[in-house]
Structure formats: structure tokens, C-alpha cells
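Let the sequences and hints guide you as you build the complete structure.
The numbering of the sequence shown is my numbering, which starts it at 1 and goes up by one.
What the hints contain is simulated information worked out from the structure, not anything from laboratory work.
As the structure is a computational prediction, the values presented were derived from the model and not from experiment.
Careful, some of the hints might be misleading.
[As the list claims (entries may be wrong)] Pairs of lysine-lysine residues, derived as DSS-like cross-links and limited to a Cα-Cα distance of at most 30 Å, are as follows:
| no. | residue 1 | residue 2 |
| --- | --- | --- |
| 1 | K37 | K289 |
| 2 | K32 | K290 |
| 3 | K133 | K37 |
| 4 | K133 | K290 |
| 5 | K37 | K290 |
| 6 | K32 | K289 |
| 7 | K133 | K32 |
| 8 | K133 | K289 |
[Unchecked claim] Label pairs and their computed distance ranges (CB to CB):
| no. | residue 1 | residue 2 | range |
| --- | --- | --- | --- |
| 9 | N174 | K133 | 49 to 57 Å |
| 10 | G212 | K290 | 40 to 48 Å |
| 11 | T89 | V54 | 43 to 51 Å |
| 12 | G28 | V287 | 37 to 45 Å |
| 13 | F27 | G181 | 55 to 63 Å |
| 14 | G28 | A260 | 39 to 47 Å |
| 15 | W238 | A49 | 17 to 25 Å |
Cβ coordinates follow ideal geometry from the N, Cα and C atoms, glycine included.
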Amino acid sequence: MAHTATASAPQTTTASRRTTTGSGVSFGRVLKSEWIKVTTVPSTVILLAITLIVMVGFAALFAWQTTVLLDFQSDPEMAAQMQGAPDATSIVSTIPGSGVVFGQLLIGSLAVVLIASEWGTGMIRSTMVAVPKRIPALLAKQLVFALIAFVLGAGSAFLGYLVAQPILTPSELNFSLGTDGVLLHIINTGSVLALVAVMAMSIGTLLRNTAGGVVTTIGLLFVVPILVMTLLAGIADWIPDAARFLPDAGAAQMVAIDIADGALNQWQGALVLGGWALGLLLISLLVTKKRDV
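Here you go:
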């Protein structure tokens, strides 16, 4: 009897160790793994670099356009023909993040590709075997790419600010980081891209299809607002007001500096876009936990 008890003890210990190894992967290790996945794929790094370059390029282009607009508005005859155009001095401080719409397009598409391709190729199964609870793995993916998107957005806006100043200086349109709203505008450019990344990755997780996820993300961000304002706005008075709570409207208000009467402010815009991101994230986590991999 003693011999039997002694022999069974190592088996119990071995089984216990296997259980601990299978479910004891720390969240830090999962984060590190997801970071490596994103940053070691050349195509992903190249697309992120292109996004940065193009967003900075938009800032330079918008700075040049603003100087041209100022020249036109300085001419009384041209100014009379341009009634309704925004005043150059009122829009100049939004130049750093002027490429944020393009950034949303690329970051949103890339976020979908990163997660949906794992479902499509079956690589996600390896991840779920290593992290059986599933939720930490998805949260790690979201956190890593949202952080990358934030740094990219805020960094591109800051570089856009630096690039724009030499273009604006001859027209005396240059401004400092201390100008009202500019620093928040730069930070929120990154925040917008981070929240869009969360939304898009959640959509990719729900659909598990790259093409469908990209189309849905682009449709939600860019097509639905156009349809609402052009085709549906005349049906009822409340529709244009409700359109303020679409993701694109929230993003636009987050990077706005001069707030129009009746429009959402930056923090309200953040609540709108953040609400969409959080809602889609929670749904994607719940569905993934219940659905077969």
C-alpha cells in the first residue's frame, strides 16, 4: 500500500505542473508575444511607416493651402468671391492632425487584417492553446496595436506641426505648441487612431474575414455618415442631430479646436468614439469566448 501511494505522488505532481503551465501564462508574456507578432512583420512596419509619412505630408500640404487661402482673402476682389470659405487664421492650428482621416483609413484596415488573417489562416488556434481563457489574448492584441496607433497618430501630428512652421512663417501664420488647443489636438490625433484601431480589430474579430471586416470598418467610418446626411437627413429632424453620435463625428470633434455652436466638444467627441470602441470590444470578447475557434 505504501508503495502504491509513493508511485501515485509523482503522477499527481506532474499533472499539476502541466495544468499550471497551460493556464499560467502571464499577461505580460502575452503582450510581449503580440508585440513581436506586429513589429516583426515587414509589411506591417512598412504600412505604418507609409501612414506616418502620408499624415505628415498632409500637414505640409494643408499648411501650404492655408497660406494660399490667406493670400486670396487678403485681396478684396478674391475675398468677395470666396464668401463662406473658412478664415485662414481660424483653421491654421488644426494643421498638425490634418491627415487624421487618412490615418483612420489605413489604421482601421490594418487592424482588421492583423486579427482576421489569424482566423483565416488558423494561427489563432495556436494562440488560444497557449492562452486558453482567450480574453487575455484578445486584450493583448488590442492593447498592443492601440498603443502603436496612438504613438503613430500623436507622433505624426507633432512632426506635422514641425514641418508646417517653416511653410507658415513667411505668411506670419506660424503658431506655438502653447497656442490654445494645439497640444490637445496633437494628443487626440493619436487617441482617435487608437480608438479606431480598437473598433476595427473588434469588427475583424467578429467577422473573422479580412475583406468583410475592412469593408464594414470603412463603411461605418466613411460611408454611413454620408448616407445619413445626404439621403436620410430630410426624413426627420432628429436624424442630423443623431448623426453627431456616429464614430466619424466623434473623431472629428476630438481633433477640433474651435467648437461650433451646438457641436460636441473634444471630451464629448471622445465619449462618442470611445463608446463605439468599448461597445464593439465587449461584444467581440463575449462572442469569442462563446464561439468555437
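Hints versus structure:
no. : hint                      : verdict
1   : K37 <-> K289              : holds, 22 Å
2   : K32 <-> K290              : holds, 26 Å
3   : K133 <-> K37              : holds, 20 Å
4   : K133 <-> K290             : holds, 11 Å
5   : K37 <-> K290              : holds, 25 Å
6   : K32 <-> K289              : holds, 22 Å
7   : K133 <-> K32              : holds, 17 Å
8   : K133 <-> K289             : holds, 8 Å
9   : N174 <-> K133: 49 to 57 Å : holds, 52 Å
10  : G212 <-> K290: 40 to 48 Å : violated, 20 Å
11  : T89 <-> V54: 43 to 51 Å   : violated, 26 Å
12  : G28 <-> V287: 37 to 45 Å  : violated, 26 Å
13  : F27 <-> G181: 55 to 63 Å  : violated, 36 Å
14  : G28 <-> A260: 39 to 47 Å  : holds, 45 Å
15  : W238 <-> A49: 17 to 25 Å  : violated, 43 Å
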